[in-house]
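Engineer: The residues making up each chain are set out below.
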Amino acid sequence: QKEVEQNSGPLSVPEGAIASLNCTYSDRGSQSFFWYRQYSGKSPELIMSIYSNGDKEDGRFTAQLNKASQYVSLLIRDSQPSDSATYLCAGGRGGSEKLVFGKGTKLTVNP
Amino acid sequence: GAVVSQHPSWVICKSGTSVKIECRSLDFQATTMFWYRQFPKQSLMLMATSNEGSKATYEQGVEKDKFLINHASLTLSTLTVTSAHPEDSSFYICSADGPGADTQYFGPGTRLTVL
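Order-wise, the sequence lines are chains A and B. Oh and the first sequence: position 6 is 13 in the working numbering, straight run, nothing missing. Oh and the second sequence: position 96 is 81 in the working numbering, straight run, nothing missing.
It is worth saying that the hints were derived from the structure and are not from the lab. Keep in mind that the hints are not guaranteed to be accurate.
What the hints assert, rightly or not - List of simulated lysine-lysine pairs, PhoX-like, C-alpha gap at most 20 Å:
| hint | chain 1 | residue 1 | chain 2 | residue 2 |
| --- | --- | --- | --- | --- |
| 1 | B | LYS40 | A | LYS49 |
| 2 | A | LYS49 | A | LYS9 |
| 3 | B | LYS40 | A | LYS113 |
| 4 | B | LYS26 | A | LYS110 |
| 5 | A | LYS74 | A | LYS63 |
| 6 | A | LYS105 | B | LYS49 |
| 7 | A | LYS9 | A | LYS105 |
| 8 | B | LYS40 | A | LYS105 |
| 9 | B | LYS51 | B | LYS5 |
Computed from a predicted model, the values in this text were never measured in an experiment.
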């Protein structure tokens, strides 16, 4: 059974702090990893993708991938109240194969 | 780019009726589309994978005769909930493999309420 596990949260950080979200996956064949943000009552929105070991930065977001440890993380710097949402980690084997999603981590950024 | 639309955004129907939900990729062709269901405060649950021109692949426990999926073109997939019951009330979300595949983009979702 392919699984993606996320730290359950909820996670609460003050405005301006760094929020750290973590995820592990069981399928060593996974090649592609994604972080989605889902606001309450809305559908998921892609914020980061990562395919290679190391860090990938996009604005205030940094995704980290360690395939040896089967670990993916997302750092949000200078957290804003608008970052408050549930963050979903997903992994897949690539191509058009289905993604396996974690259950999500709810993040609250307090003003 | 990579915009996915769904129609309708919400629907209320009576128990026993059928409801069709459309999922369109607006600015790209999607060989593969996925249908998810999400109950309040729960995680996404994949229902089926839909490939253009072939039968959908359903996840274990999903009734294929109740949730009919048709992927008639590279830009359109439809989900029909047949003989809907109150327990089918949920948030239905589609996604499509974006340009070059390997990344899924989600539609805005359809909220179904069955009375």
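Engineer: Check the hint pairing LYS40(B) with LYS105(A) against an upper bound of 20 Å on the C-alpha distance.
Structural biologist: Holds - the C-alpha atoms of LYS105(A) and LYS40(B) are around 16 Å apart, at most 20 Å.
Engineer: Within 20 Å, alpha carbon to alpha carbon, are LYS49(A) and LYS9(A)?
Structural biologist: Cα-Cα ~26 Å, so violated.
Engineer: Regarding the pair LYS26(B) and LYS110(A), is the alpha-carbon distance no greater than 20 Å?
Structural biologist: 10 Å, holds
Engineer: Are the Cα positions of LYS40(B) and LYS113(A) separated by 20 Å at most?
Structural biologist: Given that 20 Å is the threshold and the Cα spacing comes to 36 Å, the pair is violated.
Engineer: Are the Cα positions of LYS105(A) and LYS49(B) separated by 20 Å at most?
Structural biologist: 18 Å, holds
Engineer: Is LYS40(B) close enough to LYS49(A), meaning Cα to Cα at most 20 Å?
Structural biologist: Since the Cα atoms of LYS40(B) and LYS49(A) sit roughly 28 Å apart, the hinted pair is violated (cutoff 20 Å).
Engineer: For LYS51(B) and LYS5(B), compute the direct alpha-carbon distance and say whether it is at most 20 Å.
Structural biologist: 12 Å, holds
Engineer: Take a quick look at whether LYS9(A) and LYS105(A) sit within 20 Å of each other, Cα to Cα.
Structural biologist: 11 Å, holds
Engineer: Are the Cα positions of LYS74(A) and LYS63(A) separated by 20 Å at most?
Structural biologist: Judged against 20 Å, a Cα distance of about 14 Å means the pair holds.
Violated hints, in rising order: 1, 2, 3; the structure is consistent with all others.
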